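Visitor: For reference, the chains in residue letters:
Number of protein chains: 2
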Amino acid sequence: MDVTLVAIQGNGQAVEVAADQVRVVGWVENPDQYPVAKKGHTFEYLREVAHLRVRTNTFGAIARVRHCLAMAVHRFFHERGFYWVHTPIITGSDCEGAGQMFRVSTLDLVNLPRQGGRAGVQPSAPSKEHGDKLAAAQDSGAQAKDASVTARGHAQGHGAASGSGPIDWSQDFFGKETHLTVSGQLNVETYCCALSRVYTFGPTFRAENSNTSRHLAEFWMIEPEVAFCDLHGDSVLAEEMLKYLFDAVLTERADDMAFFNERIEKGVIDRLKGIIEKPFRRLTYTEAIEILEKAIAGGRKFEFPVKWGADLQSEHERYLTEEHFKQPVVLMNYPKGIKAFYMRVNDEGMGTDRETVAAMDVLVPGIGEIIGGSQREERLDVLDRRLDEMGLNKADYWWYRDLRRYGTVPHSGFGLGFERLIQFVTGMQNIRDVIPFPRAPKQAEF
Amino acid sequence: MDVTLVAIQGNGQAVEVAADQVRVVGWVENPDQYPVAKKGHTFEYLREVAHLRVRTNTFGAIARVRHCLAMAVHRFFHERGFYWVHTPIITGSDCEGAGQMFRVSTLDLVNLPRQGGRAGVQPSAPSKEHGDKLAAAQDSGAQAKDASVTARGHAQGHGAASGSGPIDWSQDFFGKETHLTVSGQLNVETYCCALSRVYTFGPTFRAENSNTSRHLAEFWMIEPEVAFCDLHGDSVLAEEMLKYLFDAVLTERADDMAFFNERIEKGVIDRLKGIIEKPFRRLTYTEAIEILEKAIAGGRKFEFPVKWGADLQSEHERYLTEEHFKQPVVLMNYPKGIKAFYMRVNDEGMGTDRETVAAMDVLVPGIGEIIGGSQREERLDVLDRRLDEMGLNKADYWWYRDLRRYGTVPHSGFGLGFERLIQFVTGMQNIRDVIPFPRAPKQAEF
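As you go down the protein sequences, you meet chains A and B in turn.
Residue numbers for the first sequence follow my numbering, so the first one is 1199 and each next one is one higher.
Residue numbers for the second sequence follow my numbering, so the first one is 1199 and each next one is one higher.
Any given hint could turn out to be false.
As the list makes no split between identical chains, a pair holds if one copy fits it or if it spans any two.
Claimed, not checked - Derived EDC-like pairs (lysine to aspartate or glutamate); straight-line CA-CA distance at most 20 Å:
{"id": "1", "residue 1": "K1505", "residue 2": "D1582"}
{"id": "2", "residue 1": "K1476", "residue 2": "D1445"}
{"id": "3", "residue 1": "K1505", "residue 2": "E1485"}
{"id": "4", "residue 1": "K1374", "residue 2": "D1306"}
Since the hints were derived computationally from the structure, they do not count as laboratory data.
Keep in mind that this is a model prediction, so the values were computed, not measured.
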């Protein structure tokens, strides 16, 4: 098109396009069959045409906001001297919680190699307990907690094969059984113990059979890790990061945020501004239990019971952040029994049945948990005791333990699920609508 | 430590640390067993302690340069109005070249579900030809070409199972057979056709059994895609990007680059500076063949023959960029027969046996091919003819073809393997040393 922009009066536009000539580059031959023709479509329908939905106003805005947030994540960390570390996607570690992992393999399924002729070789199938504990062990991002609840036993590739030995993984591409990572945390700790301030930002995977609006099988996660940082410093970093990201998107994508505010969730802009302005509320898990117990005594009903030592349910978290405090809340120092092996045991209460670990969850109104983190156990003897307590095999953690053997340092980190963040910022209800091509049970199109 | 910095004279240091008090946070209990004690270690040895090698000067420098380049990639594109798009890692597409892909599955290998009782259901195993052609079809990054040569047939999950039907993928997590992506290109084209300027930057995978210093099973790739951009514009973008990245690393990591220049590859800084200063040399594939034929006539020996219509080997590419031109070279317009289905057929020569496509390779001294790209075929009828010619199934490409049916636009893009870039910038010889935790055949530690 050879065009001129002409300033005009009235009809709500500032300028209009005056074309002398129009050259059509690509016609839509059958406009009536165009899958995203100019009319209202449901988000459900648009998921079926994910290759075209980004041409609509909503999905164009999501793509721009997603980009803006991703750039702001990198900028935030870069400005503070962090290094982006590409932790591996394919993992051969036994220590990531096999229960919900995808297997990666090039083995010929029709002629699976077996450990033949070696009688007495027993399959070492990880127990369900092992899987569940390790799933709970992942504090990396908002999906972790649910993961432990919906643990989905999948093929372990071991066990009683009819008449033949266990599968011979030494013949697989990597010479061992491998999976897709559920978190880069353990890996990135190795870089933290050398470069001090590091973070991951990459895809992570959960093979949970959860067909919900809050779960993806493939999602992107941000995991910073900071040396010489305690749990309080960790919570400050999380607070500063969230505020920085909200400020970036309000400033840089004011146009798209106005759209979300008008069309997707009224008040989303004020919600973000309100969060930026006020300090987050910090309290202990124990204090949170007391608040919840008081609420129950006052007549508030919850589906799940509240009891010191049990994990908080989403309804409890949302009561705290949405009804009681009406602002973001950082809960700290959880009972040891419901948290991962690598979280630092607090001195306070040590040796009693009220032992806690230096874990934190950041709760925000409308979403609940958006960040989970902890100070890591830097003392080798305490770490080993925890591994033993949880029935984990120390040999599997040889390199993780080495970090405590060779110049250990206190360090802390957290995980933020990137899609949960985008949901929170845009008000989009279904997580499948904030990632270009969502992967979920029975869904891997495009 | 409570310390004072004291300016000192002599001994090569500007300041020294004067400590009043030293508090040891974490001892190394057995310094003589410390795996990265202060002495020279081989890179081979350090790969075995990849959790600690980043504490050494070389690997610390690599980590910082890697971060610097990654930030510069994002900044380069962001400043030019590109959007970062997270294309999927797990792909259910049949159109990515199954020959060298990793399968992703949660099926129980011990009790694989079979399509039972449905006699007459024939396995639809992709032919080797299909796999090879599609491997060649990926111009996304420097590993693509080699991939087609070393194609490794892996389990297809179909075929003559003894006494039972083919595997019932409908029972797998995604309801179909899925793999790890080898390129985000086809996916990101969908976003290009909506947002105009987009790019991917994420992990990609090749299940090639290549135990070389140039191949990884898991590597990071950068793939921009630009609407209303022809092959020339594509080559300009590639040139500008490389120069921007080299300039960034020389400016921002001058300290680490001085280290590489002194300890890893003498002259690496001057090499990068030389590239920044001069325009890249552009010539056609046909001109390159003429130069190579002239060299052979003049007595230059090559292992592989040179012939119009055949792919150039690494030795030919390196002759052109290292010996003949002594600078980066962009080769353009390759014979159709050796290139992918999606590359735009050039008008010139159309209908003759000298048909070419709008493909390009960027060759640099010391590495050879570092970037591969093309203008994409935007004409549906020509694209369909190409799919037919290559024996590909149009139905598998329904969404890719939709981009040409509904408002098609000319567009172009390229792929840059991030680790090849880091090798080039640092002079590191082995690609396994420029990624934190390398994945290669029989290697998935940590």
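Visitor: Looking back at the numbered hints, which does the structure fail to meet, lowest number first?
Guide: Hint 1 is the one this structure does not satisfy, whereas the remaining hints hold.
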